[in-house]
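Chains as they are written, first to last, in the UniProt record's numbering: chain A, 1 to 266; chain B, 1 to 266; chain C, 1 to 266; chain D, 1 to 266; chain E, 1 to 266; chain F, 1 to 266.
In short, the hints are calculated from the structure, not lab data. Among the hints, erroneous ones may be present.
Said to hold, decoys possible - Using 27 Å as the maximum straight-line C-alpha spacing, the simulated DSS-like pairs for lysine-lysine come out as follows:
| hint | chain 1 | residue 1 | chain 2 | residue 2 |
| --- | --- | --- | --- | --- |
| 1 | D | 160 | C | 160 |
| 2 | D | 37 | C | 160 |
| 3 | C | 160 | B | 37 |
To be verified - Derived coverage of chain B by chain C (criterion: at least 3 residues anywhere in the stretch with Cβ under 8 Å from a Cβ of chain C; other residues may be distant):
| hint | region |
| --- | --- |
| 4 | 13 to 23 |
| 5 | 27 to 34 |
| 6 | 128 to 140 |
| 7 | 168 to 179 |
| 8 | 207 to 217 |
As the structure is a computational prediction, the values presented were derived from the model and not from experiment. Even for Gly, the Cβ is constructed at its ideal location relative to N, Cα and C.
Residue strings, one per chain:
6 protein chains.
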Amino acid sequence: MILDSYRIATEPYYQPQGQEIATFLAAYHERLPIMLKGPTGCGKTRFIEHMAWRLGKPLITVAAHEDMTAADLAGRYLLEPSGTVWHDGPLTLAVRHGAICYLDEIVEARQDTTVVIHPLTDARRILPLDKHNEIVPAHSDFQLTISYNPGYQSAVKDLKESTKQRFIAIDFGYPPPATESAIVARESGADADLARLLVTIAERSRNLQGHGLDEGASTRMLIHTGRMVRAGLPLPVAVQSGIVLPITDNPDIRAALSDAIEACLP
Amino acid sequence: MILDSYRIATEPYYQPQGQEIATFLAAYHERLPIMLKGPTGCGKTRFIEHMAWRLGKPLITVAAHEDMTAADLAGRYLLEPSGTVWHDGPLTLAVRHGAICYLDEIVEARQDTTVVIHPLTDARRILPLDKHNEIVPAHSDFQLTISYNPGYQSAVKDLKESTKQRFIAIDFGYPPPATESAIVARESGADADLARLLVTIAERSRNLQGHGLDEGASTRMLIHTGRMVRAGLPLPVAVQSGIVLPITDNPDIRAALSDAIEACLP
Amino acid sequence: MILDSYRIATEPYYQPQGQEIATFLAAYHERLPIMLKGPTGCGKTRFIEHMAWRLGKPLITVAAHEDMTAADLAGRYLLEPSGTVWHDGPLTLAVRHGAICYLDEIVEARQDTTVVIHPLTDARRILPLDKHNEIVPAHSDFQLTISYNPGYQSAVKDLKESTKQRFIAIDFGYPPPATESAIVARESGADADLARLLVTIAERSRNLQGHGLDEGASTRMLIHTGRMVRAGLPLPVAVQSGIVLPITDNPDIRAALSDAIEACLP
Amino acid sequence: MILDSYRIATEPYYQPQGQEIATFLAAYHERLPIMLKGPTGCGKTRFIEHMAWRLGKPLITVAAHEDMTAADLAGRYLLEPSGTVWHDGPLTLAVRHGAICYLDEIVEARQDTTVVIHPLTDARRILPLDKHNEIVPAHSDFQLTISYNPGYQSAVKDLKESTKQRFIAIDFGYPPPATESAIVARESGADADLARLLVTIAERSRNLQGHGLDEGASTRMLIHTGRMVRAGLPLPVAVQSGIVLPITDNPDIRAALSDAIEACLP
Amino acid sequence: MILDSYRIATEPYYQPQGQEIATFLAAYHERLPIMLKGPTGCGKTRFIEHMAWRLGKPLITVAAHEDMTAADLAGRYLLEPSGTVWHDGPLTLAVRHGAICYLDEIVEARQDTTVVIHPLTDARRILPLDKHNEIVPAHSDFQLTISYNPGYQSAVKDLKESTKQRFIAIDFGYPPPATESAIVARESGADADLARLLVTIAERSRNLQGHGLDEGASTRMLIHTGRMVRAGLPLPVAVQSGIVLPITDNPDIRAALSDAIEACLP
Amino acid sequence: MILDSYRIATEPYYQPQGQEIATFLAAYHERLPIMLKGPTGCGKTRFIEHMAWRLGKPLITVAAHEDMTAADLAGRYLLEPSGTVWHDGPLTLAVRHGAICYLDEIVEARQDTTVVIHPLTDARRILPLDKHNEIVPAHSDFQLTISYNPGYQSAVKDLKESTKQRFIAIDFGYPPPATESAIVARESGADADLARLLVTIAERSRNLQGHGLDEGASTRMLIHTGRMVRAGLPLPVAVQSGIVLPITDNPDIRAALSDAIEACLP
């Protein structure tokens, strides 16, 4: 089938933190569009992969960006020997054949993207392809999920009210320490002690958030650092290259962060 | 017939609130263009669907956005084996074959869109296709309706006087509580008690409008929340994911809204 | 003949207000370009239609907008089986075959449009098609007329001196009450009393111009309102939907306008 | 010959005002590029037409504007049955076959236009067509002339020093009264009295320049007004439509200007 | 093989300064994306060339700039006799066939570039080619490295947190004097005395950084100057043309820099 | 050979002023990229032509401007009967076949131009044509020279440090009076007295630089003025049209400049 390459073969590991699975399942049951909210690297992408696997549906992911046009989502005409031929874009593929479509960081997109999804998110459940003079009714399996990092939003770049009010929202945050340690250990191959230590380091960095740091270290960074240690790098070098150096160039913040970390190291 | 896919087969549920149906029918009788004004999710789209069904006319809906060009409405040349061939855009389809054309959130569009509709909205009732050197006289069934959310307008983005003065305007607002409860119950499958409770919650949120919230919860959100409850989600989780989390990320507003809601919950 | 579809078959009703017809005829006799100045909906478009009918010349109307390019006026190459073929734009059509070309709201256009008309508006009377390496001498019947709403102009969007000084200007305003009543009665089918009443309402709204309203109600709005009444809508509902709601969303101005109107209603 | 349609058949009337003809002839003898400076409608275009006629050279005029690209001057590839074919733009035509190329209002153009002419205006006298991988040496008859209205220039839109310093400059202004009267009489068919009166009116308007008026009435406007009178319009109506209404919409300036004019009328 | 022209045949000279080689090897072992941070001309490009040679992998370098589009990285359709054909861009080449892809000065790129690399830098290791409806899984040899000059970043142009947190970072700075002298001697053919002298001069310029100079002289400049001396230019002339004149046009800074340098010259 | 039309047949006259020839030869010997710095019309273009002639290498000159794209330098696909065919741009021509490539006024270009030259200006000496999936190694004769007018640079438009530090710089200024007189005499055919007088006039204008004038009169202007005199124009008229009128429109500066000049005239 046309969407086979979008199916997820093996279960993506996901550690639940609250009501997010029940909420997603209820919204999916009602085919209501879903908005995943939360900071960088806290597991939103993993969650949607897990849910797609759990529901046995193909998943089409599109990373939104400010140069993305409606045609990048909906499709366009391409020139072939027999003339111009319509090619479905990733959103149309999902709508027509029944996939979960995941629009990552939707606020980055221009407003024409946002507007394209409106008729898919109300009772109509259709995708009008104006340039193709076609109205595609959504497949009964189609589901739309978007992600949204509230920390990024500004007055200039925000979803319009008429868009926001179409979505069921699920909040994500950093997991509690024990859960996060388990995730880091499992994903990086670090032992329990190292995983706990890395989570402690992350907490120190998160305390600096708003005091010079835009965001603290994500779960993803901890996993990277654990893998660097497993690959043989000394722990202090791994922590510098995996956590400290990537998140700030400010010498004072680097020093503060390094001091806070050093106090945790064995 | 070419517009068959744009016909509405079954009656869309619509609960009248005032003189809007009489006004629409009079304007349609005179083929005067109509502007639907009102906030997000209060039923403008449903109203136009209802009227199209009632009048037995096909409905072509175009969601305006700031990257939409005049060609997206009027049509363009496409390359085919025999050379370039003209393809009517959605507005031209409606003009030529006699549909109601609904331009949703017209202020989002660039001014060339607005200007394209001028000769359709005065005594001429024509659509000049400059690039096609054709003047399309409007079919006697053609009617133009636009929507407009006054809450969005700014000095930068507003209709020009010479556009505004061409339209008969109909104002929409949130329905009175009893009407809104009936709508929510019917559309979400919620029982009367839950529907009334959801409307009470919406009123609390609308009281916060202008005090941190850009807009209160729409009727659409209440219906979504009712459907989440029907799908088995506990009421407080449904209210959070369907109403509180989507409309604000500000922790203080979230707390105020949650408090106001909690006081209503059974 | 190629311009037949641009001929006006039946006399467009026009009620003269001053020297405008004599001025237009003198300028047309000299083939001097003409600029019609005046507010929204006061009859500029009707006047040019009337003059085209009176002179028995085809009329090609182009609504200018800020995304209009010089090619939209002059023409462009289109791809055909035998290669690219030149297609005249509406201005070139008028220049080559002898029509009156009416550029509506010229200030909306980008400067390349304005510059395109320069060699047509001095002794040369030519249209150089640079991309086609052709110089089109104007047909002896060709005449250029533009419209201009002085209320819109800002420092950013204004005609350049070198453009303005090429035109004979004709000023338009709202007609005197008796004339306007006659126009409204004739165009809307309203009886004399209703027409007079509508003109009185318009005068009230024009008094609010500059005090919260950008422009008062145009003659066009009065005609629309009269037609809504003829279609069976009660007068107060017709006045709201045809005059009050379209021109302002400000609740205070709406109230002031409604009060001023109510005092006139029978 | 390819440039025949650019030749000027009959002598364009030009009334010399100073050393401008000698300066132009000397610069043409040396093939130095020339810049004509002066206000709107004072005869720069007529002068270049006269000089082209006098020298017996074809004249290619291009009106610069801010959307003009280098390709609009130099040329571009067009799609033909045998593939893409290069078509010379107007500047390349002039360079290759030996015409005077007149770039009107050069400051309006984007900087790529200005840069395109640099290698034509120094010892190299070549036009590199980068996209065509061709270097066109200028024909020995080729001459470049540009016009420039100093009243328009702002900090944003001005020629670069490295462009200015390549040109011989000739200054133009309004002619002295007797000369201007002779021009107006000859060009409009007005008798000597009317011509003198129109020049007096122009002087009044020029006195208001900088006091509410951007520029006073040009010689062109006087000619237009004379022609309107010849076509039978009463003098006061002709003066209003030909001079007062086109140059200002400000009621106070209109009144001041009308008063100043009325004092001159017989 | 298709990437052969991207292989580095001879060992690029690189003088290690710290843990950078171990860190790179560990990150490469884990196929974690790498970010090289540091000032202009301190050896980042040489380092990645050295590592590619050391690992025996082809290296595809792309210099990012603000006009680079996602298609410049991912690929595009080109028109061929049989219709449009997809051509892989440099990033896709690297992903599909297993090269190290080095994106130089990534912050210069528009956000669509940044977003394109996201799915390559997490557990998915895929490159979705939306316009080609293809998901390219990364070859097991594929590795992504980006460079980043912290001195350039501003509030407007910076990597997003969600991008930064995906990378292992390696810091680069100017080498210690003895190391830098050795590099300069080896690369420029200068003798040890001249090399040491040039490094001393560089240190003087680096002391002026932040006091009128944006950046001090890079190692690259010292090598250039050494080569100019080797080519026979007198040392003071070489120092002026290779160091002083390129980095500043400010006469005061030039004088200060020249004075500081003169004190070192023999 | 393909570059023959880019060879300079006869020696371009150039009067050396310092170490510039030795510096250029040393940098060319090392194939280091060169940056010519200096004001308008002081001889940078003539110098590079002279050096190309002296070295017997073809010279490809590209005038940079802000609308120039990387494709204008590197090349692009053109549509031919057999499909799209790659055409080398001027920079690629120079790189592939061994010419000196002179990028005039490089700061005018967008950053993608600047970035395109980076891999040509370090040890790699390659030009990656991303869109053509080709890496062009520079011909051993290839040399890159850019020009740069420090007087133009602003915070917005300046070369990046990482670009500047890749170039050997050569400073140019106005020649000393005796040299400049010799140049003017030779290039304009003026006798020694006139040449000296023109240089004296230029010095007066250069004293006004920064006091109302952006730049003083260039050597080029003196040559133009000398040629106008030789063509028979009286000296004062030649000086006005060749020096005073082109560089300023400010009446006060014009008067000051004219006064300063008059004092020198015989």
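Verification of the hints:
1. Distance hint between residue 160 of chain D and residue 160 of chain C is fulfilled; the C-alpha atoms sit about 22 Å from each other, no more than 27 Å.
2. Taken as a hint, the residue 37 of chain D and residue 160 of chain C pair is honoured in the structure, with Cα atoms around 17 Å apart against an allowance of 27 Å.
3. In summary, the hint linking residue 160 of chain C to residue 37 of chain B is not supported, as the alpha carbons are separated by about 37 Å, beyond the 27 Å threshold.
4. Closer than 8 Å: that is the beta-carbon criterion, and the region 13 to 23 of chain B has 3 residues meeting it against chain C, so the requirement of 3 holds.
5. Here the region 27 to 34 of chain B counts 4 residues with a CB under 8 Å from a CB of chain C, which clears the bar of 3, and the coverage holds.
6. Counting residues of the region 128 to 140 of chain B whose CB falls under 8 Å from any CB of chain C gives 5; the rule of at least 3 is met.
7. Using a Cβ-Cβ cut-off of 8 Å, 4 residues of the region 168 to 179 of chain B lie near chain C, which meets the minimum of three, so the contact claim holds.
8. Figure legend: the region 207 to 217 of chain B, annotated as covered by chain C; annotation inconsistent (0 residues with Cβ-Cβ distances under 8 Å, at least 3 required).
In summary, the structure is inconsistent with hints 3, 8 from the numbered list given earlier, while agreeing with the others.
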